[in-house]
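S.K.: Below, each chain spelled out in residue letters.
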Amino acid sequence: MKSHPFDSRRDALMRLGAVAVLPALLWLPGCASAPAETRGTGTLGVVIERADGALTIVDTQQRVVLGRVDGLGDLSHASVVFSRDGAHAYVFGRDGGLTKVDLPQRRIVQRVMQAGNSIGGAVSQDGSLVAAQNYQPGGVKVFDARTLELVADVPAEVAPGQRSRVVGLVDLPGQRFAFSLFDADAIWIADLNDRAQPRITQFAGIGRQPYDALLTPDGRYYIAGLFGEDGLALIDLWQPQPQPRRILAGYGRGEAPLPVYKMPHLRGWAVAGRHAYLPAIGRHEVLVVDTASWQEVARIAVAGQPVFVMARPDGRQVWVNFAVPDYGRVQVIDTPTQQVVRTLEPGRAVLHMEFTPRGDTVWISCRDDNVVRVIDTASFTTLASLPVKAPSGIFFTPRANRMGL
Amino acid sequence: MTQFKDTCRAVDEHQIAPVFHDRPMDFPAPLLAAATLCLACAIAPAAAQVPDAQRRAELVRLVRQECGSCHGMRLAGGLGPALTRQALADKPAESLVVTILQGRPGTPMPPWRAMLGEADAQWIVAELLRGFPEQTQDAR
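Chains as they are written, first to last, in my numbering: chain A, 10 to 414; chain B, 535 to 674.
Isolated chain B (complex conformation) (with noise of 0.2 Å):
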């Protein structure tokens, strides 16, 4: 395998990525399914810590962007249900953060725990919850 880079713009990892950094992208998975285990108790309030303003930003690019793959853009559902205010109503917010880490076995909802914490999921659903904040221009 050839790395090709002289007439393609060489694009650092961290400018295609920067939502993954500091996160083991493969769990073998064992390590997958110890990570599932304890996510009762990891995911418990104390253990939450806000994300950043340049993390949030990154959420909502990764949920727009991704999660719009399969939930539209507007979360207005598609392959994926309706991720709307309305559609999560009646749903508890520690099912959809445990949704999103382990994803939905049977379904095409993957587990993003290899791209997202705790807190990262615990941030999105509250969003989510209220209504998921617009993309600015510069949330890439």
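So that you can see chain A by itself, here it is in the shape it has in the complex (with noise of 0.2 Å):
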């Protein structure tokens, strides 16, 4: 094609532009200008993609993708935490790899290999720590949430050089830290006040192989699961001096176990009311359990193993997702009736359930599908359909003002 005049005055006109703009990018960084776009931070989340080692980006009231940051490593089972100004996001992948991504400006700002194998973390309650908990070496790993330095490291060592794998971690009130110790059915307290000096408080015998736990959202309860028995660990956090008990001891009532073709997630959201929603282990069951008696008072059979059991914020619903190979369906059970009231099929392999702060949707990862759909709590309507290469965890940022997320 022949050259028009124009074009290599253009070219010309382009390569000026490109001069002017260099410095211009140079002096970005130090720069107080307004970015090309101004947003808050409340209606940010993030999309873990497993397969991929990758965030998606998304924005919670427009409903869509804003963009993509990769090179987070292996996030099979990654988790997410959030920076009290929701601009940060500290993910925790399988790797061992803990990496801190801005999320405005959708780049990963810091990353540390912290351990072999770890599978999530917390932050602290004035926001300055991030913990780790790990399989490999068994422990947590505690840092400055700024730098990502390390400030203290709890190796979980149950007998000479022997670790435990650590689940369940979660942030309490004052500078702690509350996690379960899987291969030593023990449940430690790190308190970080002193941060060269951590105090472990340590509860042994709380119950056979915790496998996960979660604080109740007022701070004052600390549950671990049991995968080796029927129940749950409970510490009252209030007490002056704490002492686990178990909870819904037996209520497997001696039937043989179905297979957990999956473990069960307890962390953050099964409490509505003044009930507890939690999953039963081997059993298509979600055991409903009173805050005040710690009784059981119902159990409601639904359509698998569940995984998640995640009270919508006002605790009017509770949406359970399954195991494999019932992961294609979630349901929904009204809490003031205590009855499954919805059966949703959004996909194939859902993974992850996740509301918006005041509950009006819910989004819900389909794995293989490679879609996120967003739906309408109220009308059970889909309202978007989010393209997602292979989706697990969702984290929205109101997650940074809620204990125990």
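Any given hint could turn out to be false.
Claimed, not checked - From the structure, some residues in chain A lie toward chain B, with a derived Cβ separation under 8 Å:
hint : residue
1    : Asp83
2    : Tyr144
3    : Val167
4    : Gln171
5    : Arg172
6    : Lys271
7    : Met272
8    : Pro334
To be verified - Restraint-style ranges between C-beta atoms, simulated for each label pair:
hint : chain 1 : residue 1 : chain 2 : residue 2 : range
9    : B       : Ala660    : A       : Arg411    : 35 to 41 Å
10   : A       : Gly170    : B       : Lys625    : 20 to 26 Å
11   : B       : Arg619    : A       : Asp61     : 19 to 25 Å
12   : A       : Asp385    : B       : Gln620    : 34 to 40 Å
13   : A       : Pro249    : B       : Ala660    : 55 to 61 Å
14   : A       : Gly183    : B       : Gln588    : 52 to 58 Å
15   : A       : Val167    : B       : Arg638    : 17 to 23 Å
16   : B       : Ala660    : A       : Gly183    : 49 to 55 Å
If you're looking for bench data, these hints aren't it; they were derived computationally from the structure. Positions of the beta carbon are idealized from the N, C-alpha and C atoms, including for glycine.
Fit chain to chain and form the complex, with the hints in mind.
M.R.: Structural data, given as structure tokens:
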């Protein structure tokens, strides 16, 4: 194609433009001018793309994908916590990577390989510390939330040279973290008020094989689910001398458990009104327990082994997803009647759900359909379907303002 | 319980779980015990029928994704131990097949017998021992 005189002039202009832009780019980091798009962080969220080691960043108001951040390593079973301002996500990868991601800028700001095999983490009450729970080497590592410099290493050493895998890590009021030791039937509380000298309180014999735990939204009760026996371990943290005790002991009534193809997750969302809704292990049931007496008040038959049992923020509904092979379904429990009122089929391989903060929508990741569905929790209509490759965990920034998340 | 299919896409059962059709999902306990008892003969090499290409793709997906929830998608371990070639080097294949089908009592490893036949388990073990294949794009 013959070059038009205008083309060469345009090229010259473009070169000039590049020269003009270059100093501007170099100057940008120190510059206080507004970014192209101003927005707060309250509507931001991330979706883990587990196969690709990437995060999809979403806006929960517009229900759109804003962008993508990759290079986060092995994100099978990844989880995320947020800085208090909702601007940074701390992503815990299976491979022990801890990555701090700037959400508005959509880029990695810091990344450390802090263990060989990690499972999740928590942010301290004041937002200054971020703790990671690790399988290998078993223990908890605590980092400065700003710099990701190591502040404290708490090996879960249960006998000389023998460590336990750590699960169920949550933040507690007062710069403390609670966690459970899968291999040691124990719950530990680490007090980080003195960063140089963490104080560890240990509770032994809490029940066989704690697999995950939750903190009630008021920060009062720490509850660890037990894989090795029918029941859960509960600690009332408001007692002057907290002691673990067993709740829902023997809920299986001696019946042989069904195979558990995927371990349930307890973190965060089980409390609706005065009741907690908890997955039964090896039973296709949700257990309902009164949080005043900690007695079982009901059990609700559901479509499979529950994985996540999540209360809508107002507690009016509880949504349940399931382990393979029943993970094409999601069920909704109406809490006043304690009945399953809806069975949805949002897509193949439902792995996670997340509510918007006031519960108007729930976002559901359908791994094998490469889609995140946004569903209206009142009408159950699908409001949006966002393309995300092999989505798993969904995390919205309002988690930054809740204990135990 | 109301089936709700108007606004959410109705999903064909076979599409949800191509891996599982033709296989009984819920074993009554006695049946499971019986199945376990005759496992020793069932896994004799002569019984093996190599899974076809489509089934192999399903098995790769199953191992990477579902087994991956405990063993890691890269099979480097998690709540479950690592299943890499190196990690399994000194493990006899027969015992690994039994572990897959029967589970390991006292651990979170469940019996996968309701979803996997002997030939499936044997193929999975053989592939694990030589380094498990990656999942291809269409192997869902």
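S.K.: Please go over all the hints and tell whether each is borne out by the structure.
M.R.: So, going through the hints one by one against the coordinates:
{"no.": "1", "hint": "Asp83", "result": "5 Å, holds"}
{"no.": "2", "hint": "Tyr144", "result": "6 Å, holds"}
{"no.": "3", "hint": "Val167", "result": "17 Å, violated"}
{"no.": "4", "hint": "Gln171", "result": "16 Å, violated"}
{"no.": "5", "hint": "Arg172", "result": "14 Å, violated"}
{"no.": "6", "hint": "Lys271", "result": "5 Å, holds"}
{"no.": "7", "hint": "Met272", "result": "6 Å, holds"}
{"no.": "8", "hint": "Pro334", "result": "5 Å, holds"}
{"no.": "9", "hint": "Ala660(B) / Arg411(A): 35 to 41 Å", "result": "47 Å, violated"}
{"no.": "10", "hint": "Gly170(A) / Lys625(B): 20 to 26 Å", "result": "24 Å, holds"}
{"no.": "11", "hint": "Arg619(B) / Asp61(A): 19 to 25 Å", "result": "24 Å, holds"}
{"no.": "12", "hint": "Asp385(A) / Gln620(B): 34 to 40 Å", "result": "49 Å, violated"}
{"no.": "13", "hint": "Pro249(A) / Ala660(B): 55 to 61 Å", "result": "59 Å, holds"}
{"no.": "14", "hint": "Gly183(A) / Gln588(B): 52 to 58 Å", "result": "56 Å, holds"}
{"no.": "15", "hint": "Val167(A) / Arg638(B): 17 to 23 Å", "result": "21 Å, holds"}
{"no.": "16", "hint": "Ala660(B) / Gly183(A): 49 to 55 Å", "result": "54 Å, holds"}
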